[in-house]
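K.L.:
Spelled out, the chains give:
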Amino acid sequence: MDLMAHILVQGTQMLLVLALAPLLTGLVRKAKARLQRRRGASVLQPYRDLVRLLRKEVVLAQNASWLFRVVPYLVFAATWVAAALVPTFATGLIFSWTADLIAITALIGSARFFLALAGMDVGTSFGGLGSSREVMISSLAEPAMIMIVFALALVAHSTQLSTIASVMLAGVGLRVSLALALVALLMVAVAENGRIPVDNPSTHLELTMVHEAMVLEYSGRHLALIELAAQLKLLLFLSLVACVFVPWGLAPVGAGVPGMALGLVSYGGKLAVGALLVAVFETSIAKMRVFRVPDFLGAALMLGLLGTLLLFVSGIL
Amino acid sequence: MQAFAQLLESGRAGPCRPFPRAQVSAEQWTTLAEHLAAGDLVLMGLWGDAGAVHMALLDEASGRLAVATCASVGGAFPSVARHHPPAARLERTVRDLYGLVPEGAPDDRPWLDHGRWGVRHPLGANLPAEPEGDAYPFLAAEGEGLHQIPVGPVHAGIIEPGHFRFSCYGETVVRLEARLGYVHKGIEGLMAGADVAQAARLAGRQSGDSTVAYALAFCRAVEAARGVSVPARAHALRGVMAELERLANHLGDIGAICNDAAFALMLAHCGVLREKVLRVCARAFGHRLMMDGVIPGGVAGDLAREGVSSIRVLVSEVRAAFPALVELYDNTASLQDRTVGTGFTRPDYVRQFGAGGFVGRASGRPFDARRVLAYPPYDRLPFEVVVRTEGDVNARVWVRIREVEESLGLIVRLLDTLPAGPVATEVPPGPGEGLAVVEGFRGDVLAFVALEADGRVRRAHLRDPSWFQWPLLETAIEGNIVADFPLCNKSFNCSYSGVDL
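Here the protein sequences line up with chains W and F, keeping their order. Residue 40 in the numbering used here sits at position 40 of the first sequence; the count goes up by one each step and never skips. Residue 275 in the numbering used here sits at position 275 of the second sequence; the count goes up by one each step and never skips.
It is worth saying that the hints were derived from the structure and are not from the lab. One or more hints might be untrue.
[As the list claims (entries may be wrong)] Restraint ranges, calculated between C-beta atoms of paired labels, are given here:
# : chain 1 : residue 1 : chain 2 : residue 2 : range
1 : F       : 374       : W       : 61        : 49 to 59 Å
2 : W       : 56        : F       : 279       : 36 to 46 Å
3 : F       : 478       : W       : 277       : 34 to 44 Å
4 : F       : 340       : W       : 61        : 37 to 47 Å
5 : F       : 129       : W       : 57        : 31 to 41 Å
6 : W       : 258       : F       : 288       : 54 to 64 Å
Using N, Cα and C, we set each Cβ at its ideal position, and we do this for glycine too.
Isolated chain W, as found in the complex (with noise of 0.2 Å):
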């Protein structure tokens, strides 16, 4: 393929993933209101919510600073990049070497940092709440990333996700270690997107919100782009979940239109199933308490450690 091509399917990718990414919430919440009987709205009610917070005006607190102006630009840029940079429907795209596992912890780590900072910035006390509770998550989700990245670069051996996905594809077998890693990779997708059971993305209740809290401030504009770097966030881990540990029907590098569109559907499939996945899961069970979410993710960070330990250990495990 020339290089038109491959700019024009990086494009597709991109584009993919932010249109993706709403219909996808959409599809959570309507899956949880059917878990409850509700009739629940229309899986196309995100897009909506984002052009009716696009069309409002901002309202600034008066003591707000260029910070907390400038910091859902950030957030949204740094989310869409990383959700772009994993492989949906094709692996080996135009900028799939910088589609490093590492490099994208780091960019949702920033995204994180600058939230946190944005939401102690207006002095309310819920902002304040909001980033100390999302930090003390943070610095548990992180080291357990981490050790979710090592054991999967051991078995690959390469971080770039393209890779990685290949090797699955050709096959490594049944691994205790990959599952221990998936697991860990499931409970960290669950704390670092706020949901049930470490945060609850739909709650009204000021005092057990913890991403919510931070973005209490923001509205018009600013808000939009924070739920949908949210809404990218939520895409991205179920595409990481996708690619890494389902890999079937990715179109492989140099594929042609047919495999694209093969690409296309299996993605489009796994998703769906993700979402249901996830409504299942928040339907059947209560939020825990705040302190409770260190040992949740302690449990992860174990996890992720005793996969990369098995594979040091032996290589077949």
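Chain F: place on chain W using the hints.
P.N.:
Below, chain F without anything else, positioned relative to chain W:
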């Protein structure tokens, strides 16, 4: 306890029915306050009047209730709160509304009056308000690393307005202080001078979720004042309405508590059941909440045969669906993890404050006005007063669960034995004074009514059960983490409107 015996004796000749009321001297008043402090008596209410203060006292052991009245001297009366802290907010309210000063009171901050009414002492001298700021000195909590979190009165969800000031050490709550009064409606001022029918409608609006209990308490007080006996069918129908109200609110609460632990499934299922109850209420009594269903002298409308059968169908539906929900609650480990041990309310506080309802009964205080101060139709009905001793959120949920089952039984029994006959009787206008205590879903609602010679209300006071539950919420959250407050708060589910008057 000689002072209380004296009060009962001298009150017998007094104007109040059916519970005695008597004037006491300042010394006797203080002696009674000391008995309250010693735990011999339970404070049931304290309210102002023109130039006097009334205090309702209950001897729990014998189930005797009496009202002591202390005339104010120079616009002041001896403080009860000085000896017995549960009276503090009631005294601050007396001061805000009547301008009567509790002498020696430990807390002289205003309570309901936020300086925004435009008048001061609206039920007393009715003075023009002084231009005051809104600076309200919250109780201090001092120490290194403590910070404050102000919450409300505007909340992120749709709930009643109230301000909560948390003093925290990290996530741990060191002190919580509530500030209420944002939904002050001046309901006591509106009732003064109204005829009893209008006042009954007002009473039913003091706290809308307990409208039946409020209207019932008020009407029973009026009927006692006028010596009217209500037809047997009216008593039974009032019982059915009161139990349906309890059923709807308990079902709603059980779901809402679980929802505050992000377990929305329970809310969805309980919400369906609650909605079914409300729709049957609308069909049977003409209003979803049965507002204005209870009127002085009886009930507003008869229950038709279709109404009886729709209630019976409802009971069987709830009986079929509810056990599965109880099992879901009991078997969801992540939910139990949140409710068990959270928001412990000390039994000694519950006794000291005389807290009723599920708050009191979950901490081992077996008080239920339907049993201790039995009134028709409960005086002839068997039912269990559900008591738990753990005092945590889980216990308050379980008291509600068992009370739902009791209510279902009571409704069936009342319908089975529904007497025929009229559903209301005339209440002839005239003077009198009455007191009534009724068990609402939150706890005991106390109503005091004094009627003029022309039958209009001279003074009416309705004391919400939450007066003695709000302070306990502040103790229950101490040492818990901030994020558990919504769960504790919902398990108390105190009324804002009811105490804001």
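K.L.:
Does each hint hold? Answer for all of them.
P.N.:
We went through each hint and held it up to the structure:
Residue 374 of chain F and residue 61 of chain W have their C-beta atoms about 57 Å apart, which keeps the hinted 49 to 59 Å range intact. Between residue 56 of chain W and residue 279 of chain F the Cβ separation comes to about 37 Å, which falls inside the hinted range of 36 to 46 Å. Taken as a hint, the range 34 to 44 Å holds for the pair residue 478 of chain F and residue 277 of chain W, whose Cβ atoms sit roughly 40 Å apart. At about 40 Å, the beta-carbon gap between residue 340 of chain F and residue 61 of chain W stays in the expected band of 37 to 47 Å.
The beta-carbon spacing between residue 129 of chain F and residue 57 of chain W, approximately 37 Å, falls within the hinted interval of 31 to 41 Å. Judged by the Cβ atoms, the range 54 to 64 Å given for residue 258 of chain W and residue 288 of chain F holds: they are separated by roughly 60 Å.
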